[in-house]
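Trainee: Chain by chain, the residues:
There are 2 protein chains.
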Amino acid sequence: MNKPVIGNDIEELKQAIRDVPDFPKKGIIFKDITPLLSQPELFRKIIDLLADRYRSRKIDKIIAIEARGFILGAALAYRLRTGFVPIRKKNKLPWKVFSAAYALEYGQDSLEVHQDALQSHEKVLIIDDVLATGGTVSAVSELIGKLGAEVIEVACLIELTFLNGREKLGQTPVFSLIQY
Amino acid sequence: MNKPVIGNDIEELKQAIRDVPDFPKKGIIFKDITPLLSQPELFRKIIDLLADRYRSRKIDKIIAIEARGFILGAALAYRLRTGFVPIRKKNKLPWKVFSAAYALEYGQDSLEVHQDALQSHEKVLIIDDVLATGGTVSAVSELIGKLGAEVIEVACLIELTFLNGREKLGQTPVFSLIQY
Chain A
210 MNKPVIGNDI
220 EELKQAIRDV
230 PDFPKKGIIF
240 KDITPLLSQP
250 ELFRKIIDLL
260 ADRYRSRKID
270 KIIAIEARGF
280 ILGAALAYRL
290 RTGFVPIRKK
300 NKLPWKVFSA
310 AYALEYGQDS
320 LEVHQDALQS
330 HEKVLIIDDV
340 LATGGTVSAV
350 SELIGKLGAE
360 VIEVACLIEL
370 TFLNGREKLG
380 QTPVFSLIQY
Chain B
210 MNKPVIGNDI
220 EELKQAIRDV
230 PDFPKKGIIF
240 KDITPLLSQP
250 ELFRKIIDLL
260 ADRYRSRKID
270 KIIAIEARGF
280 ILGAALAYRL
290 RTGFVPIRKK
300 NKLPWKVFSA
310 AYALEYGQDS
320 LEVHQDALQS
330 HEKVLIIDDV
340 LATGGTVSAV
350 SELIGKLGAE
360 VIEVACLIEL
370 TFLNGREKLG
380 QTPVFSLIQY
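Top to bottom, those sequences are chains A and B. At position 152 of the first sequence the residue is numbered 361 (my numbering), and the sequence of numbers has no breaks. At position 122 of the second sequence the residue is numbered 331 (my numbering), and the sequence of numbers has no breaks.
FYI, nobody ran anything at the bench for these hints, they're computed from the structure. One or more hints might be untrue.
When chains are identical, the list treats them as one kind, so a pair holds in a single copy or across two.
[Unchecked claim] Pairs of lysine-lysine, DSSO-like flavour, derived with a Cα cap of 30 Å:
#: 1; residue 1: LYS235; residue 2: LYS254
#: 2; residue 1: LYS299; residue 2: LYS235
#: 3; residue 1: LYS355; residue 2: LYS234
#: 4; residue 1: LYS234; residue 2: LYS332
#: 5; residue 1: LYS267; residue 2: LYS305
#: 6; residue 1: LYS223; residue 2: LYS254
#: 7; residue 1: LYS235; residue 2: LYS332
#: 8; residue 1: LYS235; residue 2: LYS298
#: 9; residue 1: LYS332; residue 2: LYS355
#: 10; residue 1: LYS254; residue 2: LYS267
#: 11; residue 1: LYS267; residue 2: LYS234
#: 12; residue 1: LYS235; residue 2: LYS267
Here the structure is a predicted model, which is why all the values come from computation and not from measurement.
So that you can see chain A by itself, here it is in the shape it has in the complex (with noise of 0.2 Å):
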């Protein structure tokens, strides 16, 4: 089910991402989508395409990962009718949070979401940008479970899979657009 039905639609994204080498640090080739957002019907097939995909699923709220992940769950989140949850990096939320830590390549940093985004046994889909070690995503599930609610999938733009974020993942689902 994670074969794109449109295939030319996705080789026309995928011609939209740059290649930024060095970024954020030598060795690492960074795949920018800003050039693919600035182009209004890019932007909209991305959403078109992830609305189809659970359009006809039931979905409560997007949970969507700061700060590229916003761009594209606010979007499909407007377009499904749902709910809108942000998962933010340590202390931007105001109100009562849960944590959950992650790893980074030196030491760690830790994701939030309030205490009362979300009832239990709500049904969720979480999307980010990139799907890379799946480091962010796996502490995201973490916290939806704390707060009792069901990660249905994990979709997102464009997945590195030969860094294996799915196994990291388990039992969740995970859907991409673009794969390299």
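Since chain A is already given, all that's left is putting chain B on it; use the hints.
Mentor: Chain B in isolation, oriented as in the chain A frame:
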């Protein structure tokens, strides 16, 4: 023109905003919009009210300020079928950038935009969640000026009128859905 036409809608939005005292520091009452975003019909109402205002204007790109601005900006860009351009904090954008400094309480920080984010003479709408002192929006206006594009208006969900942000923005029109 800044008077909301539909007062009941605005009242409903206002009631969903949570006051959080002493965030981010003692003495500040933070306007928390997460309860508003998490309710599908209210999130949708914000975007539709903004779309009503701008649907007949020529807008090429929505310019959204990290991070909460991304949420409103992306949904509105989808709704209005415009491109989406992120303004990010220092060192977050991977490619060549223009930077503009803005004052913090102690010291300063800077915002960045990709140098190819806009074509000269494009018409843009700047969007953020809250207009406070106008410092960040003013830095964003400066960036857009460097790219040769034209800001047709600044739109925000909440305007803290007692901080006089509008004055800092000079000739640039400002629209807000909710005023405190």
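Trainee: Against which earlier hints does the structure fall short, listed by number upward?
Mentor: Result: hints 1, 4, 7, 11 and 12 break, sorted rising.
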